[in-house]
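The lines below spell out each chain.
2 protein chains.
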Amino acid sequence: MRNLVLFALLFAACAECAAQDISKIDRNFESRKIGNVELRFYDAKDAPFKVEGLPWRKEGGGYSRLPDGVTAENASRGVVGLCGHASGAAIRFATDSKSIAVRYVTNGNGIMGHMARSGSSGFDLYLRDENGRYSFVKNFHQRNVSEMGKVPYEELGANFSDSKMREFALFLPRYCGVKSVAIGVLQGAEIKPPAPHKVAKPIVFYGSSITQGGCASRPATVYTGKLCRELDAEEINLGFSGNAKGEDILAEKIGDIDMSIFVYDYDYNAPNARHLENTHERFFKIFRKKRPDTPVIMMTRCSMPSADRVAAIRRTYENAVKAGDKNVYFIDCSKIFEPYGGIAECTVDFCHPTDLGFHAMYEAVLPVARKILEDK
Amino acid sequence: MRNLVLFALLFAACAECAAQDISKIDRNFESRKIGNVELRFYDAKDAPFKVEGLPWRKEGGGYSRLPDGVTAENASRGVVGLCGHASGAAIRFATDSKSIAVRYVTNGNGIMGHMARSGSSGFDLYLRDENGRYSFVKNFHQRNVSEMGKVPYEELGANFSDSKMREFALFLPRYCGVKSVAIGVLQGAEIKPPAPHKVAKPIVFYGSSITQGGCASRPATVYTGKLCRELDAEEINLGFSGNAKGEDILAEKIGDIDMSIFVYDYDYNAPNARHLENTHERFFKIFRKKRPDTPVIMMTRCSMPSADRVAAIRRTYENAVKAGDKNVYFIDCSKIFEPYGGIAECTVDFCHPTDLGFHAMYEAVLPVARKILEDK
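Going down the list, the protein sequences come from chains A and B. Quick note on numbering that gives the first Met the number 0: the first sequence kicks off at 0 and runs consecutively. Quick note on numbering that gives the first Met the number 0: the second sequence kicks off at 0 and runs consecutively.
There could be a bad hint or two in this list.
As the list claims (entries may be wrong) - Once the Cα atoms are required to be at most 35 angstroms apart in a straight line, the calculated DSBU-like pairs of lysine-lysine come out as:
no., chain 1, residue 1, chain 2, residue 2
1, B, Lys137, A, Lys163
2, A, Lys334, B, Lys57
3, A, Lys137, B, Lys197
4, A, Lys289, A, Lys137
5, B, Lys44, A, Lys334
6, B, Lys137, A, Lys244
What the hints assert, rightly or not - Where chain B lies over chain A, by a calculated footprint (3+ residues, C-beta under 8 angstroms):
no., segment
7, 48-54
8, 129-141
Just so you know, the hints here were simulated from the structure itself, not pulled from any lab data. A quick note: this is a predicted structure, and the numbers were derived from the prediction, not measured. Beta carbons are placed, not taken as given, at the ideal position from N, Cα and C, and that holds for glycine.
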């Protein structure tokens with residue numbers, strides 16, 4: 000079926016093409032051996048693979064997190080530069096293949112001193128069972144740093160003893176772009192679209208580097224990812240490292256997404272409390288105009304909090320409640336690291352959470368998100 | 000005082016030297032500017048600095064974790080190769096300097112895909128107050144990877160507004176050797192030895208890569224480091240990544256250390272349960288002969304546990320109890336990750352803990368260690 004669609008597309012461009020061996024045209028379709036396993040690779044950007052987390056992506060398109068219309072002028076060069084990072088994006092599919100492999104070319108290498116490449120430029124493969132429960136299969140990270148962004152990296156992800164239909168989610172890197180992703184399966188194996196999530200509509204996150212995922216050990220262990228796996232929801236991550244300033248254009252574009260929950264979390268990148276006072280409620284109101292009933296969780300920063308920042312965010316919440324808004328939730332995160340030893344134990348640099356800090360954030364947001372979904 | 004000792008040493012070798020400017024002889028003594036701060040650097044391997052965690056180190060010597068007599072023949076090439084990694088080592092000192100800087104040359108770069116360099120080849124500076132409580136000041140990690148091991152890296156660690164005497168601990172990298180470490184203070188600042196720890200004798204750990212510290216975000220967030228900071232004890236880390244096989248020679252050498260607690264934790268590196276059966280009790284008995292009363296905490300692995308491995312370790316413990324040993328403690332770690340989401344959430348690769356996994360390990364060992372110390 001999938002091959003048919005692709006052949007049809009090629010056929011539209013050139014009638015002769017249909018007779019050609021597609022593996023000669025697109026290397027993704029080659030049969031290749033990894034170890035003793037002969038695999039056939041399929042480009043993950045096309046159906047039946049489902050690319051999630053990129054609401055403005057066009058079928059078959061690249062892995063950008065933002066739509067046209069967000070520019071250096073109305074947002075910032077930072078936001079435009081970071082939208083290529085694949086944070087929150089995932090490839091979902093089902094297959095009966097006994098072996099699964101992944102081949103990818105990143106766009107950048109994600110090298111940072113305080114974040115492991117397994118998180119910044121690595122990929123996480125998970126199994127998803129029929130009840131929407133996820134189990135970790137493997138993290139992929141390219142060994143040869145000098146080849147990153149240039150030479151495709153491929154690795155076997157799993158081998159099963161039987162060929163029953165299984166569903167997978169491949170979570171893409173948090174601090175790195177992705178040029179291409181291909182999934183390798185055994186010759187003749189079937190590939191099908193994944194089942195829908197338990198939570199019908201995505202959870203959208205807007206925030207800073209912490210939201211984007213710095214400095215988690217793996218793409219899936221960021222609080223956003225932990226939450227969406229636990230609830231079984233699509234994650235849309237609009238975390239822009241150092242560049243989430245609450246610009247109007249972001250509020251407008253985010254308001255275009257049909258979502259189950261909006262997690263509104265950019266305290267970290269507001270230069271000061273005054274900036275929050277000037278932008279936080281304004282952003283919310285722009286969003287609210289487009290999404291009058293969407294539940295909104297407003298979070299404060301977890302590390303280096305300040306009372307006036309908390310107050311600015313709380314004001315948005317309290318004014319909304321006063322105005323009769325029944326879909327706003329406020330989480331003061333100032334003290335959530337304390338049961339885990341405080342900021343020094345939960346961050347790598349007083350700012351970016353380690354996996355321990357992200358666990359604390361997840362524990363803070365999960366009950367609020369769960370209640371929202373149960374009350375619906 | 001410190002300069003006097005060094006001048007005296009130089010004088011012993013060459014009478015003319017004493018008249019020379021030492022900063023011309025040893026670059027560590029240069030005055031150097033970092034930003035606008037003019038600092039004078041002192042080599043941390045000499046008094047009044049206290050180098051901890053390296054019981055066999057000779058005054059002024061290098062940063063090796065093992066004594067002469069442990070060889071590729073009676074241990075392994077792996078153990079001999081890894082003893083140069085500075086895991087668990089710390090530089091302690093007190094100073095009234097308003098500014099503190101660190102300069103170091105690593106031996107290797109600690110680059111791994113699944114561990115951040117802030118942990119593998121980074122340094123953690125902590126303040127220690129008069130009650131033995133530690134607070135995180137800064138993590139240092141060399142930005143230019145190609146310069147690592149070749150070019151000294153220096154960075155300002157802290158600036159204080161007053162010049163009261165403060166005590167510091169600088170924790171060395173977990174997966175990297177250290178050629179030299181120098182501490183920079185303001186011209187004329189006093190440097191003194193640190194106060195003793197609350198726990199008089201060190202806590203010694205023997206184990207695998209997990210014990211050595213893979214894959215913590217920072218040197219101080221490994222469970223061994225968290226435990227020793229919380230209790231205020233010197234850490235002696237004899238974790239040998241992939242190479243802790245329970246060799247007799249290690250038991251003998253470890254038995255030479257006068258310690259408060261021995262944490263015995265090499266399940267991960269035993270190739271199988273049979274290997275544990277053949278070595279675990281034997282190692283303990285060799286150690287026990289030298290240290291008849293030292294409290295010993297025996298731990299099983301936390302990830303990918305197996306019943307027969309747990310049984311082999313438990314047997315050592317139960318036989319000791321039966322024989323009247325009142326100083327043995329057993330922690331089955333098979334399930335300690337469960338409250339934190341299990342092995343998949345607590346490790347980067349089903350094996351090496353993230354900071355979340357290390358927190359779980361710390362929580363498991365802390366009450367046992369605390370009870371041992373209180374009962375004494």
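Taking beta carbons only, do three or more residues of the segment 129-141 of chain A come closer than 8 angstroms to chain B?
holds (count 5)
Would you check the hint for Lys289 (chain A) and Lys137 (chain A), treating anything up to 35 angstroms between C-alpha atoms as holding?
Not satisfied, since the Cα-Cα distance of roughly 39 angstroms exceeds 35 angstroms.
Are the Cα atoms of Lys44 (chain B) and Lys334 (chain A) separated by 35 angstroms or less?
violated (39 angstroms)
Mind checking, does the segment 48-54 of chain A have 3 or more residues with a CB under 8 angstroms from chain B?
n = 0 at 8 angstroms, threshold three: violated.
Is it true that the CA of Lys137 (chain B) sits at most 35 angstroms from the CA of Lys163 (chain A)?
violated (51 angstroms)
Are the Cα atoms of Lys334 (chain A) and Lys57 (chain B) separated by 35 angstroms or less?
violated (45 angstroms)
Taken at face value, is the distance from the CA of Lys197 (chain B) to the CA of Lys137 (chain A) at most 35 angstroms?
Distance of about 43 angstroms is beyond 35 angstroms: violated.
Taken at face value, is the distance from the CA of Lys244 (chain A) to the CA of Lys137 (chain B) at most 35 angstroms?
Satisfied, since the Cα-Cα distance of roughly 27 angstroms is no more than 35 angstroms.
Violated hints for the displayed structure, listed by number in ascending order: 1, 2, 3, 4, 5 and 7.
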